[in-house]
Each structure stands twice: as structure tokens, then as C-alpha cells.
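Protein chains in written order, with our numbering: chain A, 1 to 299; chain B, 300 to 577.
No wet-lab data here; the hints were simulated from the structure.
Incorrect hints may have been included.
As the list claims (entries may be wrong) - Lysine-lysine pairs mimicking DSSO-like chemistry, simulated, CA-CA at most 27 Å apart:
#1 A:96 with B:487
#2 A:96 with B:306
#3 A:96 with A:218
#4 B:311 with A:96
To be verified - DEER-style ranges, computed between Cβ atoms:
#5 B:467 with A:62: 55 to 65 Å
#6 B:300 with A:151: 52 to 62 Å
#7 B:539 with A:190: 49 to 59 Å
#8 A:97 with B:480: 23 to 33 Å
#9 B:361 with A:191: 55 to 65 Å
#10 A:68 with B:487: 54 to 64 Å
#11 A:288 with B:487: 32 to 42 Å
#12 A:79 with B:323: 17 to 27 Å
#13 B:303 with A:191: 44 to 54 Å
#14 A:31 with B:352: 51 to 61 Å
#15 A:51 with B:488: 54 to 64 Å
C-beta: ideal position from N, C-alpha, C; glycine also.
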Amino acid sequence: MSKKIPIEGWMLLPTIAFLAVLSIYPFIYLIRMSFMEFSRVPDRPSQFIGVKNWANMIRDPLIVHSWIVTIKYYVTSLCLQIVLGTILALLIYRTKALQGVIAPMISAPMFLAPVLVGLLWRLLLDPSYGAYFYWMNRLGFFHFLEKIGFSNVKSVFGSNSLALPALIVINTWQWTPLIMLIVLAGLTAIPRELVEAASIDGASSLQRIRFVVFPLLKSTFIVALLIRTMDLIRFFTVIFVTTAGGPADATKILAMRIYENAFSFYKLGYASTLGVTLLGITIFLGIAFVRVISRGEAA
Amino acid sequence: MFLEQIKEKMVKVGAAIILIALVVWFVFPLFWMFLCSFKSPQQMYSLPPIFFFKPTLANYSEMIFRRDIFHFFFNSLICAGISTIIALTLGSLGGYALARARIPRKQDIAFWMITTRMAPIAVVLLPFFLIFLSLRILYTLTALVIVYTSFNLPFATWLLWGFFEGTPLEIEEAALCDGCSKFGVFRKIALPLITPGLVTTAILCFMFAWNDFMFASVFTTRQTMTLPVIASNYMAAKRAIPWGQVTATGSFVFIPILLGGILIRRYFITGLTLGAIK
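Just chain A, with the same shape it has in the complex (with noise of 0.2 Å):
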């Protein structure tokens, strides 16, 4: 137990405060209009009607459609993010040097708002006159994507069968410097001891990270993943700006069919029901990385 100053929390009290009234009572307002439905005559008041919502969503053939493209896209980007990311840090952590310059400049991507990382890849990718189109065409990229099986590969945005999995590399573009920075930190906290007594012992390279590194990377893996795993779920922006959920729902994942709901068919109370549930998926999930992270610190 460490000493404490004895302040009274007082100063503690006004951010209860903010926060009460920005969270937890948008919150007790959310699960209540999840029982409502919403009419958009103006007249007519909403209604109360009980758990009809809830019972839609369960039975709803397009949720589970939403939840199953949802899971797509976020396994798909994670992988992806991860092994790139760790990649990339196992490329730069021996040169000091190289970090100083690298990281910073890989990290960019970062910084840019999601819109114009919507935005920007659509001029990238445009058809007409996209310059990754353009080159991905001479270079017969699209020709061979149709010989495995893609379909519809005339455009990116507009394709079912190419939209999501754009969708997830822009999404890996942009966030795989969080998983290298984090995992070039791991990296630089283990100590050099440990890697050259394994050398010294007779071990590869490759085995020397197999067998030393990323054991001891364990922790740095999961802060890692569920920092993510909370950002792929709840962000829908660059979906939401290239494709809005289509083609023929082809990207709609769960937060792009909340807002759907709420502002393109005014169903207020559907959307709520939706929203309750994603928010309480993501809690689950945070309260595994809370546990997570103050166990690895215990240790």
C-alpha cells in the first residue's frame, strides 16, 4: 500500500460530475429508447413497446449478416495488422538510428482523419483515374484477381466482392504503425542479455525470436490486440465515406447498420437496441483488457 497525501477527492468531484451527465445519463436514455419505437410523423408521440425491438434483432437475417461481415473485417485487419506490425518492428529495433527516422515516418498515416483516409483512397482507387487503379491495372493485378475467383472487379468501391477487402487494407494502411510502435516497445524492454546468451548457445536468428522474443512479448501482444480490437469495432467513418455499407451490404458491419438505422430510417429505437448491444460486446471486451493488463502489472 503506498502512502497518500490526505487531499480530500473533492477535486475528483467536478469530472464525476461532467461525466455523469455525459455518460452515464446519454446511457440510461440509450436503453431506454431501446424499448421505444419512434414514429417520424411529428404528431404522433413515441411509443413504449417492450421488448418488441429486442425480439426483432434476434430474429433479424441482417444483423447476423452485419455481425458476420463485422467479424470478417475485424479478424481479417487484425491478422493482418499484427504480423505487419510485428514485421516491421523486428525489421528496425537492432538500429537505433533507423528508428529515429522510420518510425516517425511510417507512423504518418496515423494523424490523418479518418474521412480524408476515406476520401484519399477513393481518388487512389478510383476507376477513371485512381493512380492505384491505374497501376494495379498495367500491372495486370485485376485480370489475375479475377482468375482466382473475384468477381466483379470493373471497380474497387463499387465491387461486392473487392469492397471489404479494400476496406481492410486501408484500415491496415492506416493502423498497423500502432501495432509496430507498440511492439518496438516490447522489443526495446527486453534486455540484451537474454537474446545474446540464446546466440551464444548456438540459436538462428529465426529461433532466437521464436523461442526468446516472443514469449516474452506475450503481454505487449495483448495490449496491442485489444487496443485494436476496441477501434475496429467501433469506427465506421472510412466505411462509411467510401462505400456506406454497400455494395448490396457487402461492407455494412454493425456500427455502419446503427447509423442506418437511426438517421436513414429514423428507427430510433431499433438503432438503440443495436447500439445496447454492440456497447455491451465492447465492454465485455474491455473488461478482459482491463483484467489483463493490471494482472501483467501484478506480475
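Dock chain B against chain A, hints included.
Using the frame of chain A, we list chain B on its own:
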């Protein structure tokens, strides 16, 4: 022996090539955005894509003089700035209290704060939309400041709590013995000690608010729009999208944050992983 050396060299060269390719992969789109902001529409649409051309400032002058971009720049600045100031002020007070005072159920409070960072944006939009509607502040900057504060405040409190925990108690105890008031200790000793932490938190809070699009697009209208919303408005264009202006707007949005990020690069990871990695 010789074969070993050749193999090693080849691995090194291979690694270097991969690294260079990856750096280009990450940096090129940003470079392209900046480059395109100096292109005329003809240059923008020409294929193959051109790298060397006579640049024009027409896009920037259009944004500055005809589209009044500084008006929206200041909207962004006000919303991001005020919410950051509030978050820093209350967050440093709260973070200090959490680090130093005996507060019951600290874990629960901490967890509650972190959950506000986890709420899906679509989920937060709904109740706020209805609440603002009934309070009749829906399309004002005030509404946006409130929303930004709702996620920046817990984030700042959490981060600053971590930074305060990292400072030694002895200096503060000594000051208390010397007759300094408790608040004085906070103001004159603890706060200056975590100046890098304050700067990091400030820049990250500012960045999240500045880059936000979803909240801004729902809660603003003509006069109160922020930069990200302006950028996306062009997508609704009936005829060809004026990419020159979109990319020019992109520069206005990106460059301040890039500069801020460079400033805090040492603490960036600590900030983004909520202090889990230092």
C-alpha cells in the same frame, strides 16, 4: 564460411528492400494527397498519373478566398480547443485526486472512465442527438464541444492519472511539511512535474476532436461545420468531384496534427495505449 557471409549479406539486403518498400507504402498516399493539392483538374485526371508538373495554387486560393476555409478552420479550432482545455483542467484535478487521495472504489471509477472510450460512435450519437434536440442547441458549436468533452475528459483523466502516478511522492511531502497548501502542492509541484504528460494529453485530445467527422457531420450545419465535414461535402458534388479542393482541405486538416504528433513522438505510444505501454 564464405557462403555464410554471402547468405548474411543477402538477408540484410533483402530486409532493407522490404523496409524501403514498406516505408513507401505507408508514406506515398500522404505525399500523393499533398501533391495533388497543387494540381489543376486536367493534371488530376491525366493518366498515367503525373509526378512532375507545373504546380498551381488555385486550389488553395479557392479554399481560402472563395470557400472561406478559415471560418471552418476556426470552428474546428474552437471545438477541439475548448474541449481540450476543459478536459485538461478537470482531468488534471481528477487525475491527481485519483493518484494521491484515498478514494473508495477506484477500480470501478477507472473502469467507468475507460468504457466511455469504448462506446461505439453510432451508439453515442443517438441519445446526444435527441438530448440536444430537446435542449435546442442541436446545430451549435456548443453541442459539439459538449460531445468532444464527453470523450476527451475521461481520456485525459485516465492518462494524467497515469502520469501523476509516475511522479515521486517525496517532493510533494516535503513541500507539505514546508507549509505549502494541498492545492499549492498540486499547482506548483505536481503539475509542472508532468509537463510532458500534459502536452501529450493535450495534443491527443485535440487530435481526436479535430479529426472527428461522425459527430461533426450530425451536429453541425452550414455555419458551424468543421473542417472534416467540409472535406466530405465535396463528395456530394453533382458533377466531377473537385479533388484539388478536397486534397487542399486535407492539408489543412492533416498538417497541424502531423506537427503535433512529431512534437510528442516520445509519448505517443503511452498516450494511445492508455498508459499500458510506456
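Checked against the structure, which of the hints given earlier come out wrong? Of the numbered hints given earlier, those the structure breaks are 1, 8 and 13, listed in rising order.
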